[in-house]
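Undergrad: Sequences and hints are given; from them, build the entire structure.
2 protein chains.
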Amino acid sequence: MLRYDTGKGEYKDWIVEEAAFDSRYLGKCESIFCQGNGYIGQRAALEESYINETRNLFVTGTFNSFDGDEVTELPNLPDLTAMRIIIDGYPFSMERGKILNYSRRLNLKTGELERNVGFETLDKKQLELSFRRFVSLSDEHIIAFRTEIKAQQDIQITIESGIDGRVSNTGSQHFKEGEKRLLDGRYLRMSSRTTNSNVLCTQHVAHSFKIDGKAVSAGFVPVIDRRQFYIRQSISLDAGETLFIEKICAVHSSRDMAYYKKQDTQAQIEKDGLETIEKAYKMGYKLLFEQSRIAWQKLWEAQDIYIESTDSYDRLALRFALYHLNIMVKKDDDRVGIAAKGLSGEGYKGHSFWDTEIFILPYFTFTQPQVAKALLSYRYNTLPGARRKAHENGYKGAMYPWESAWLDDGEVTPLWGAADIKTGLPMKIWTGLIEQHISSDIAFAVWQYYMVSGDKNFMHNKGYEIIIDTARFWASRAEFNEEKQRYEYNGVIGPDEYKEHVNNNAYTNYMAAWNMKKALEIIKSLEPDLYDKFNNQFDLEASYRDIENVLKKLYLPKPDQNGILPQFDGYFDLKTIDLSPYKKSPDVGTIYNDYNNDELRNIQVSKQADVLVLFFLLEELFSSDMKKTNYTFYEDRTLHDSSLSKSTHSVLAADLGLQEIAYEFFRGSANIDLGPNMKSSDMGIHSASMGGIWQCAVYGFGGLRMKKGELHISPRLPEKWDSLAFNVTYKQQALKVKADKNGVSVTNFGENVVEVVLYGEKREVKSLQTISVIKQ
Amino acid sequence: MLRYDTGKGEYKDWIVEEAAFDSRYLGKCESIFCQGNGYIGQRAALEESYINETRNLFVTGTFNSFDGDEVTELPNLPDLTAMRIIIDGYPFSMERGKILNYSRRLNLKTGELERNVGFETLDKKQLELSFRRFVSLSDEHIIAFRTEIKAQQDIQITIESGIDGRVSNTGSQHFKEGEKRLLDGRYLRMSSRTTNSNVLCTQHVAHSFKIDGKAVSAGFVPVIDRRQFYIRQSISLDAGETLFIEKICAVHSSRDMAYYKKQDTQAQIEKDGLETIEKAYKMGYKLLFEQSRIAWQKLWEAQDIYIESTDSYDRLALRFALYHLNIMVKKDDDRVGIAAKGLSGEGYKGHSFWDTEIFILPYFTFTQPQVAKALLSYRYNTLPGARRKAHENGYKGAMYPWESAWLDDGEVTPLWGAADIKTGLPMKIWTGLIEQHISSDIAFAVWQYYMVSGDKNFMHNKGYEIIIDTARFWASRAEFNEEKQRYEYNGVIGPDEYKEHVNNNAYTNYMAAWNMKKALEIIKSLEPDLYDKFNNQFDLEASYRDIENVLKKLYLPKPDQNGILPQFDGYFDLKTIDLSPYKKSPDVGTIYNDYNNDELRNIQVSKQADVLVLFFLLEELFSSDMKKTNYTFYEDRTLHDSSLSKSTHSVLAADLGLQEIAYEFFRGSANIDLGPNMKSSDMGIHSASMGGIWQCAVYGFGGLRMKKGELHISPRLPEKWDSLAFNVTYKQQALKVKADKNGVSVTNFGENVVEVVLYGEKREVKSLQTISVIKQ
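As you go down the protein sequences, you meet chains V and F in turn.
Under my numbering, the first residue of the first sequence carries the number 1, and numbering increases by one thereafter.
Under my numbering, the first residue of the second sequence carries the number 1, and numbering increases by one thereafter.
If you are wondering where the hints come from, they were derived from the structure by calculation, not from laboratory data.
All figures in this text were calculated on a predicted structure; none of them were measured in a lab.
Certain hints may be false.
One copy or any two copies: either way a pair holds, since identical chains are not told apart in the list.
To be verified - Straight-line Cα separation of at most 20 Å, SDA-like style, residue types lysine to any residue; simulated pairs:
(1) 124 <-> 95
(2) 331 <-> 380
(3) 679 <-> 89
(4) 176 <-> 71
(5) 214 <-> 238
(6) 731 <-> 710
(7) 125 <-> 96
(8) 558 <-> 621
(9) 125 <-> 95
(10) 679 <-> 225
(11) 271 <-> 426
(12) 428 <-> 225
(13) 533 <-> 522
(14) 176 <-> 348
(15) 176 <-> 69
(16) 679 <-> 228
TA: Below, the structure written as structure tokens:
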């Protein structure tokens, strides 16, 4: 059971609490209480073990393929979270005895996870246990744990704690047995290599044991077993004494930027790891935590979004989203993308999808442009794989992988899914082949980043190349329909994945057109040296002609007599059914109880926003009336069975003045992970949804948008919100935006003047100036 | 807690009972309640899951290496034992609620394992659960489970059961993700291949659900997930009703004899598997069990050893040993050996050691000679690997692997063990290199088999070749000591593994001499055609000369002035310490608390019987006085930290007339797995110890022995035993031996007359005749 209102004082609306323990729902809080720093992601499995727990520790970029038949995935590192606490001979488990009180709280402000348990053993001994842990935001290699155990009676405690390499990715073991070594009689080291990609992961762990401030004198016993290296420490604890255990860990990998492309790095990595652990061990939990807390404090000073709402859940939900957005990505690393589950679970194998560019990137583009730049540079660095994919499919240019992992992996969408259990034939996974809109999604995000940041340098070095080469893909990908004398995109999957193999998906065609149009503009405007560079690479003249030719004759679906833009050819011929039972269900995918995939293809039903994403991204192409008509039409037909759906509906509803509907969808988005459904997050949090929550607040209610190279801010708050304050970095100037029911004010903390459009009024904001505009 | 006295009526002294559940000791009964048929071994993990459980399913011969760094091992197949029983929303666990009564019983007579639990849930609902399972002895592919659940209140039950491929060997995953298919809407199939050896394991599973005899009408839902394929069945059970669940499984592998060396067998294996499961499913648990029970009945009719003892534990212990001896080996398969843990655990990786020939084989040689023949044929079939090992080490002939796995694997002892955690250097495992006595152990077992069975055919085809080629190894292995003008074997490990790198280990030298002497006798007596065959292979004349030359000058250690045969050169120079604390300890290996390996080398202490094994195997070479002197000397210095130790001391003590000491050692042997130490068997049962228990009874107290080609039977029962009856197959004639305090009688159930020596009296026993001799 979750509680959202238990943060007090400075932590009011910063605390997510699990207020009762229920071992049926371990996955929920393991995921949503995940801690990390973009380099490390550590799922919040408890110290003691429970059936159906999932212990996950990921390090960004360490991809490995279990065997030739499985696609590469982010491997689960040897676990550091487990600690066996054996009390009077019995391993501590909250299921063996009586829980007197229980509270587990993730503090979003400090990044610390804390659990307090009052417990009575079957022998009627009463214990107070307190567990704290964090993944450092100030030193990305460090994870620390602190445990306190106090008993009202004398007890014998044995602690077993260390590094456990018996974990896997749901049974697929990515690591060879690690090398283990005890250093200075204190530091446990395990160095494990992935089976195929040969990535080295080196973990160091050190423990300290104190009773009421006094170090425990008896030494521990180091235990080596297959894939395990741990210490065993036995302690007699007298009634009323408190045992303090600190476990400090350091994690390094050969995929770290420091060792990238260097040879024979193991000795260096182990040396660096030992230095890290030695220093960290001397500092101890409190000092390490203080450093990390300060790093979080700095982050929040720049990033917090303050909402005054009659329901403080809204404020918490925003912070929850921002917390996860800031731990899911290694901010300075242009070799890694954002995983669909962040670093919080095995779901989607650590792969990156369009989720990044369309749902998550706007947050970074508008608030931490250097992160957006790193993420787009990652896409630039994966261009070779995108070109290989295009080439292998008979196209030109860059066809981005639907699922992307390590730099040179190219397309990593599994080709075959589980077998159809009835026919026995493996089911083809089509997304990697025909869900092609990701190429224009990336181009779109590049342009958006440029518009917001003004980062010409990036465009010269990387951005233009992405936009031009994806346009070249779209030009070669188009099929000419002789009969209708037009180009088409047939046999694709649009955003709505309930519909495979559709022709002229509106989203796909319009976004491809945008991509090609932007490429033509860019080519025309290129300075001579850049033109020469690209000309050498692409034959720009021919490319321009090809693109222009396709663009001129590209079929862009038009609204029917009712003003509805068809999602794809023949959409209106599909039958309609009563979707209300599925729309009302608190669970997703309930339509599968009544219809299978083949049947879904013939029904006007969408898994997620499809046409509406188009109205949102290319908003200037469509009139408000048309948007409204289509919004109603498609909302009726959308089940929101994808976590990428509700935020789009929320933003669009807000655009259309439907603030209360927008608010409902905002809450729906916020509830995907943070809400009361205890089974929603087992495989990890929903990264895109975190970006979506930000979009609901800032794009939707904040009315922030880039249009024709201008920054528009037109806040329109929902009933429950009295005010909304957020920060934006625009053209490298830090702006603070404050909105209330009456209007908006923008303060420029940068040095340079910026131009913004407030409720349609173009205004200059000088350095340290605040401009306010009353809402009409 | 185990009980041994709860078998009633026809099952008196056939039942081993776990009378209370304690989740700290899961490994004990998982191992000792292991079920199997030599083809399959299935550890007795419970249906519901507990922390620290080990689910193991092994199929003989399916060896695989996880990666190039790990030696090959018997892989853990996808699990069939797990069944999630969800009652009113909570997974059933005996730790979540109150156990009202508990009993788990392995019936050694029928091979069935039964668990009965009375249970009260936290909601105060009272349940009676009954679980039965067996691995069929009549159809080696079949495993069946039967579960009954009765509630005193209405309950909602959901059952999740199927095939779970998330298991591994302590983290090393040997299987690629399996192909899953649902056949006829009923049969689950998973076909999994090992990662390197490409062995296919196909498992079929079918379930049936009945309430009080009436089939449950609602269908199940098949669920496919990563490495999992199971069904989910939800049922409303009214108060007083009983739910019956049957789970029938069929297991096949491409290493089965039927598919051996055939190409593209997957379709055939899957077809055969489906036929098996279809037939078995139709028969149902009761009929399948009845067939298996009859097979066990036949086995026991021939194999039971009946002891009248004042402590009926002795009778149970013998049956327990015979039960495991008969499920640890695939009796008709000459491609597989016996694993050190049988098929009951991951310990020793499924490898075969000298345990087979010296400790286990005598049982089969004397009671099921066709099994002994298959096991020795396995050694014959591994000769290429033995020759390769000799060649790689610079020797001639056949140097048998210390650890042996699949036919062409050769030596599979890991070269390197865990790192010394202090120096960080991996510790070399020397046994594979220098524990060389296994070659003569195998030769010895071949000759013993010949003496008992009279199987000339085997000797012509296989036996002679083993003895000659191992003798050739010993001749080439010997080192000439110029100073002493003699051959020596230096730098070896004898049976006592606390002593590495010793010179002239008495056991090694004497057994090598025996091996060479036997080879010379054989070569001299070979018929011309065989002589020619071996001459082509070996150059017999040169071989004979080489062997004879070494044998003549081979140093055989002699007793010192006190009549003590030194275990190896310089043994008497080692220091003596007080070993009594370690000898008194109920745990093994306690000397390591005070001494490390280097220190142990310099102390007169043995892990296990060493010289005494020599006195036992080559008993005719040594006088009774000398044996007695040495017995006392070495018993004082032996810690019995190996499960291969106590039975030798027992037999030797019995030989020397120390019946009560022999009895204590017999009980010690019996207790290794069956006894009250709940941590002794976590990694699996001790195969050699099972053979040792038989040896204590039949060799020791039964006084059975082959000497100079004659079968001696001189029973000498311990105080507590009134009688002992066992069967022997001698020269293909079935003999029944009955002994009591007064003497012995032998009945010949065969057709041919046999000659036996009873208390030194040579007697002929004609067909269907009984000969009795009174003990002097």
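Undergrad: Next step is simple, just say for each hint if it's right about the structure.
TA: Outcome of the hint check:
no., hint, verdict
1, 124 <-> 95, "both (14 Å within a copy, 16 Å between copies)"
2, 331 <-> 380, "within (16 Å within a copy, 63 Å between copies)"
3, 679 <-> 89, "between (34 Å within a copy, 13 Å between copies)"
4, 176 <-> 71, "both (18 Å within a copy, 12 Å between copies)"
5, 214 <-> 238, "within (14 Å within a copy, 59 Å between copies)"
6, 731 <-> 710, "within (11 Å within a copy, 102 Å between copies)"
7, 125 <-> 96, "both (12 Å within a copy, 19 Å between copies)"
8, 558 <-> 621, "within (12 Å within a copy, 104 Å between copies)"
9, 125 <-> 95, "both (15 Å within a copy, 18 Å between copies)"
10, 679 <-> 225, "between (35 Å within a copy, 16 Å between copies)"
11, 271 <-> 426, "between (47 Å within a copy, 19 Å between copies)"
12, 428 <-> 225, "between (41 Å within a copy, 16 Å between copies)"
13, 533 <-> 522, "within (14 Å within a copy, 86 Å between copies)"
14, 176 <-> 348, "between (23 Å within a copy, 19 Å between copies)"
15, 176 <-> 69, "both (18 Å within a copy, 8 Å between copies)"
16, 679 <-> 228, "between (31 Å within a copy, 19 Å between copies)"
When held up to the earlier numbered hints, the structure conflicts with none and fits them all.
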